[in-house]
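Take the sequences, apply the hints, and build the full model.
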Amino acid sequence: MVLTEILNKQLPKVEKPGRYIGGELNSINKDKHKVNINFGFAFPDTYEIGMSYLGLQIIYKVLNDIDDVFCERIFAPASDMEEMMRKENIPLFTLETKTPVNELDMVGFTLQYELSFTNIINMLDLAGIPIKSKDRGDGFPLIIGGGPCAFNPEPMAEIFDFIIIGDGEDCLPQICDLYREHKNKGDVNRNDFLSTLLNVEGIYIPEFYKPIYRQDGTIQSIEKSKESAPDRIKKRVVTDLSKATFPTEPIVPLIEIVHDRSVMEIFRGCTRGCRFCQAGMIYRPVRERSKDCAIDLIKKQLASTGYDELSLLSLSTSDYSELKPLVMELMELGKEKNVALSLPSLRLDSFSFEVLNEIQKYKKTGLTFAPEAGTQRLRDVINKSITDKDIYDAMKHAISLGWTNVKLYFMIGLPTETFEDLDGIVEIARNIMDIYYDHNKGRKNRRFNITVSVSNFVPKPHTPFQWCAQDTADQFNEKHSYLKEKIKKLKGVSLNYHNTEPSLIEAYLARGDRRIVDVIIKAWEYGCKFDSWREHFNFDNWMKAFDDVGIDPTFYSSGKVTNSDVLPWDIIDTGVTKKYLFKEYEKALEEKQTHDCRISCTACGVNRYVKCEREGTNG
Amino acid sequence: MAKYLFKFKKLGLIKYISHLDMIRLFHRAFKRMEISLSYSQGFNPRPKMSFAQPLSLGFTSLGEYLEFETNKIYNAKDLKDMLNSAMPDGIEITDCWQLDPKSKSIASIVKWASYEIQCDCEIEPSLVEKFLNQEKIIVLKRQKKKTTMKEIDIKPMIYEFKTLEDKKGMYAVVRTGSSSNLNPELLLKAFFEYIGKEFRGENCNIKRLDLFNSEFEPISSQILT
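Those protein sequences? They're chains A and B, same order as listed.
Take the first sequence: its letters are residues 139 to 757, numbered as in our numbering.
Take the second sequence: its letters are residues 185 to 409, numbered as in our numbering.
The set of hints was computed from the structure by calculation and includes no laboratory data.
Do not rely on the hints blindly, as some may be mistaken.
As the list claims (entries may be wrong) - Computed far set for chain A versus chain B, every beta-carbon distance over 12 Å:
{"id": "1", "residue": "G156"}
{"id": "2", "residue": "I204"}
{"id": "3", "residue": "S271"}
{"id": "4", "residue": "E319"}
{"id": "5", "residue": "I360"}
{"id": "6", "residue": "E394"}
{"id": "7", "residue": "D398"}
{"id": "8", "residue": "I433"}
{"id": "9", "residue": "S442"}
{"id": "10", "residue": "T443"}
{"id": "11", "residue": "N587"}
{"id": "12", "residue": "M681"}
Stated by the list, open to error - Cross-link-like lysine-lysine pairs, in silico, DSS-like; alpha carbons within 27 Å at most:
{"id": "13", "chain 1": "A", "residue 1": "K501", "chain 2": "B", "residue 2": "K232"}
{"id": "14", "chain 1": "B", "residue 1": "K339", "chain 2": "A", "residue 2": "K154"}
{"id": "15", "chain 1": "B", "residue 1": "K314", "chain 2": "B", "residue 2": "K232"}
{"id": "16", "chain 1": "A", "residue 1": "K147", "chain 2": "B", "residue 2": "K193"}
{"id": "17", "chain 1": "A", "residue 1": "K225", "chain 2": "B", "residue 2": "K381"}
{"id": "18", "chain 1": "B", "residue 1": "K351", "chain 2": "A", "residue 2": "K151"}
{"id": "19", "chain 1": "A", "residue 1": "K154", "chain 2": "B", "residue 2": "K329"}
{"id": "20", "chain 1": "A", "residue 1": "K475", "chain 2": "B", "residue 2": "K256"}
{"id": "21", "chain 1": "A", "residue 1": "K438", "chain 2": "B", "residue 2": "K325"}
{"id": "22", "chain 1": "A", "residue 1": "K147", "chain 2": "B", "residue 2": "K325"}
{"id": "23", "chain 1": "A", "residue 1": "K154", "chain 2": "B", "residue 2": "K314"}
{"id": "24", "chain 1": "B", "residue 1": "K187", "chain 2": "A", "residue 2": "K475"}
{"id": "25", "chain 1": "A", "residue 1": "K225", "chain 2": "B", "residue 2": "K373"}
{"id": "26", "chain 1": "A", "residue 1": "K168", "chain 2": "B", "residue 2": "K193"}
{"id": "27", "chain 1": "A", "residue 1": "K473", "chain 2": "B", "residue 2": "K373"}
{"id": "28", "chain 1": "A", "residue 1": "K151", "chain 2": "B", "residue 2": "K328"}
{"id": "29", "chain 1": "B", "residue 1": "K381", "chain 2": "A", "residue 2": "K151"}
{"id": "30", "chain 1": "B", "residue 1": "K325", "chain 2": "A", "residue 2": "K151"}
{"id": "31", "chain 1": "B", "residue 1": "K352", "chain 2": "A", "residue 2": "K147"}
{"id": "32", "chain 1": "A", "residue 1": "K236", "chain 2": "B", "residue 2": "K193"}
{"id": "33", "chain 1": "B", "residue 1": "K187", "chain 2": "A", "residue 2": "K473"}
{"id": "34", "chain 1": "B", "residue 1": "K352", "chain 2": "B", "residue 2": "K339"}
{"id": "35", "chain 1": "A", "residue 1": "K154", "chain 2": "A", "residue 2": "K372"}
{"id": "36", "chain 1": "A", "residue 1": "K151", "chain 2": "B", "residue 2": "K232"}
Every value quoted in this text rests on a predicted model; they were computed, and no experiment measured them.
Note that CB positions come from ideal geometry on N, CA and C, so glycine has one too.
Set out below in structure tokens:
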């Protein structure tokens, strides 16, 4: 109550106060004193970003569906709010009941991107919770990690009491069951509880392991300090998505957020096997939600929210086996209920055009296309199975249907890349322009725009490119200038590229071992937070932090960190074997593609643990 | 086609969402209840739904009004109940009336608004009297769509301005509407300046009580069929 009153007074002083008030439609309120477990789901970024994340809505429902568990939300306050909170001695609080975070039983942070790590440190500090798990006694909440970046848990390992690897839907209720039992026994000993957790698959308890480093900084071995701890942690997999919990009554934000719409996850995983893509490796195998289940859930969501936009979510929408009937039904539904349909990550085949032309009839918002690399050779290296012909056919189609805005996504700094590959990017843009000129012969005063968007390659753990070095800052900068010069000469084509420095930090953090945590904490002490926000990112502070701790960051980006049989993230078993990843790495260097495993199994290893329902279905 | 008017409250922390957020909130609530609103004609159709008078961010209210048109005829009480089931914490629809479809827009008849302002200090009634007895009450007001400030006399825009019974705040009736509008915060600032005190917004809770027409009659008392 007191905190609510303080907020009532102080909120006019901050920007977008609606971020901090809670009370949205479909948000949940329970009596926090009457439940057994008070859980905080923490998203280490602002409300608008966190609320756009479907995983939050899923976990919120999974936990709140359990009677005696109350899951509340926690977000990172923006800088002005943080300043006010520190000045007024307001601790980090939950959105639902404005409870100080350090009064909860458990706090789960989602690790969505490396550049949010400093926000986690900052949030713990704002909550008055010691940052490293070893400094927390029994009186503090258990601090949990999860999400995609947990697949290399090492950089943040010393922060968390335990880390959930893989899907959380089934794992979290199991944890709650054990916690309830533990609490009812009157046992408040944290260590006892952690030992109990060893019975749950997919849980990594960092303090039970100790990496032994060689002189050169690579890992020689990982020693266990608890014998019953598993040698490797197998990721959790929800096998039947149609039966898994999914939000039918998602929270409807009061203020505008990044993605303000109804979302339906149609499948998890991807069969394409692009070699740079971490999601494509760690979320295997593909698990589809049935069309009927998807439609049923969508209807429920629309009825409970009143959204006028619906988006499908997956790694590659076009690969959904029932896409045609699903989209047809959704277009009908959209017309009937006046709901706009949005289909991201669509492959531009003729069916897609038919659909896009229908749903963007009046307002053509622009097409996006991701060749990722400029030449066929490099696309073979990264296993992106798009050909030049695919690109140009799609563009001809798009232009004839009247699209005037095209966005092309590429990555630079990919393994084996040369300046010829960069020329290829320019070439593709030029050729598309030519297609437009040909098509539009004789007609003037029309604008056609191409945006070439370039991101910097970061070699991610658990991918075939985990053994590759990242380009240096100089190499990236040179490539940026090279492209800038060339694209400047093309009328109607503009270039967007990511800054070099954040991509370097991303690589250091993505590929880090346990020693990196002290750098992250130091960087935070120097003021680093919201590193994914251009206006907050401060490279010099990061470099000072590396310097202070005495770690050479390039050790992690140069590929040296993987010069060993034991990689920092080897403790995590994604189901995909290291042998398979290495074979893929070798094939990449030979410029050979590996086919989609819908055609036939490519032996990645995941089917040792779970059935691949899509395996060989297009064979 | 039918036209209706809601009266609703906005209380608690939800006072921190903006006018645009309120529009989106009601739009979604109608959609959720599958109440089919009429849409404007043209290239970019908009639902026919409008607030009588926007409420500043940070103000609570007991008397907000929303006017809307539907394609079907509904029972007014049903509309109220349906919408209340789709509202977040802090918003409550207290009344719903059906309007004459040809009636003037509510926004155009709103002329006055009453406010209750709670402050954290006691206010001496005689100072208020002295303040109001000035020939002119000049304040600086930001000009619309400009960054420049302009001096204006707000005295004609104040109908009533008096201390609350416990003296820890003010009751005010001031001009409101599209032709002439006085934000109570501006009035408070002028008053505090006059009595030589620093005005601090966070120490005042401003609550709109109701809206009135040019005859000081409540909005709900007229134009209703």
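Results of checking the hints against the structure:
1. The Cβ of A/G156 sits about 4 Å from the closest Cβ of chain B, inside the 12 Å cut-off, so the non-interface label is violated.
2. Separation of A/I204 from chain B is adequate, the least Cβ-Cβ distance of about 23 Å exceeding the 12 Å criterion.
3. No Cβ of chain B approaches the Cβ of A/S271 within 12 Å, the least distance being about 34 Å, so the stated non-interface status holds.
4. Here A/E319 stays apart from chain B, with its beta-carbon at least about 34 Å from theirs, past the 12 Å limit.
5. Annotated as non-interface, A/I360 keeps its C-beta farther than 12 Å from every C-beta of chain B; the closest such distance is 48 Å.
6. Listed as outside the interface, A/E394 is inconsistent with that label: its C-beta sits roughly 7 Å from the nearest C-beta of chain B, within the 12 Å cut-off.
7. Residue-level check failed: A/D398 sits 8 Å from the nearest beta carbon of chain B, not beyond 12 Å.
8. Annotated as non-interface, A/I433 keeps its C-beta farther than 12 Å from every C-beta of chain B; the closest such distance is 17 Å.
9. Separation of A/S442 from chain B is inadequate, the least Cβ-Cβ distance of about 7 Å not exceeding the 12 Å criterion.
10. With 12 Å as the threshold on Cβ separation, the claim that A/T443 sits away from chain B is violated: the shortest Cβ distance comes to roughly 6 Å.
11. At roughly 22 Å, the least C-beta separation between A/N587 and chain B is larger than 12 Å, which holds for a residue marked as non-interface.
12. With a least beta-carbon separation of about 39 Å from chain B, A/M681 lies farther than 12 Å from that chain, consistent with its non-interface assignment.
13. Between the alpha carbons of A/K501 and B/K232 the distance comes to roughly 22 Å, so the proposed pair stays at or under 27 Å and holds.
14. Under the criterion of a C-alpha separation no larger than 27 Å, the hint pairing B/K339 with A/K154 is inconsistent with the structure, at around 33 Å.
15. For the suggested pair B/K314 and B/K232, the alpha carbons sit about 46 Å apart, so the restraint of at most 27 Å is broken.
16. A threshold of 27 Å between alpha carbons decides the hint, and for A/K147 with B/K193 the separation of about 20 Å falls inside it, so the pair holds.
17. Pair hint A/K225 plus B/K381 holds up; C-alpha atoms about 24 Å apart against a cutoff of 27 Å.
18. For the proposed pair B/K351 and A/K151, the alpha carbon gap of about 26 Å is at most 27 Å, so the pair holds.
19. For the hint pairing A/K154 with B/K329, the CA-to-CA distance comes to about 21 Å; that is within 27 Å, so the pair holds.
20. Distance hint between A/K475 and B/K256 is fulfilled; the C-alpha atoms sit about 16 Å from each other, no more than 27 Å.
21. With a CA separation close to 49 Å, the supplied pair A/K438 and B/K325 exceeds the 27 Å bound.
22. For a cut-off of 27 Å, the pair hint linking A/K147 to B/K325 stands: about 25 Å separates their Cα positions.
23. Distance hint between A/K154 and B/K314 is unfulfilled; the C-alpha atoms sit about 38 Å from each other, more than 27 Å.
24. Of the pairs offered as hints, the one joining B/K187 and A/K475 holds, with about 21 Å between alpha carbons and a cut-off of 27 Å not exceeded.
25. Of the supplied pair hints, the one linking A/K225 and B/K373 holds, its CA atoms being roughly 25 Å apart against a limit of 27 Å.
26. Only pairs whose Cα atoms come within 27 Å are accepted, and A/K168 paired with B/K193 is accepted, the gap being roughly 24 Å.
27. A threshold of 27 Å between alpha carbons decides the hint, and for A/K473 with B/K373 the separation of about 51 Å lies outside it, so the pair is violated.
28. Straight-line distance between C-alpha atoms of A/K151 and B/K328 comes to about 23 Å, which keeps the hinted pair within the 27 Å bound.
29. Annotation: proposed proximity of B/K381 to A/K151 holds, straight-line Cα distance about 20 Å (limit 27 Å).
30. Of the pairs offered as hints, the one joining B/K325 and A/K151 holds, with about 20 Å between alpha carbons and a cut-off of 27 Å not exceeded.
31. Taking the CA atoms of B/K352 and A/K147, the gap is near 16 Å; set against the 27 Å cutoff, the hint holds.
32. With a CA separation close to 23 Å, the supplied pair A/K236 and B/K193 stays within the 27 Å bound.
33. About 25 Å separates the Cα atoms of B/K187 and A/K473, which keeps this hinted pair within 27 Å; it holds.
34. With a CA separation close to 23 Å, the supplied pair B/K352 and B/K339 stays within the 27 Å bound.
35. About 42 Å separates the Cα atoms of A/K154 and A/K372, which puts this hinted pair outside 27 Å; it is violated.
36. Restraint check for A/K151 and B/K232: the C-alpha separation of about 34 Å exceeds 27 Å, so the hint is violated.
When the structure is compared with the earlier hints, violations turn up for hints 1, 6, 7, 9, 10, 14, 15, 21, 23, 27, 35 and 36 and for no others.
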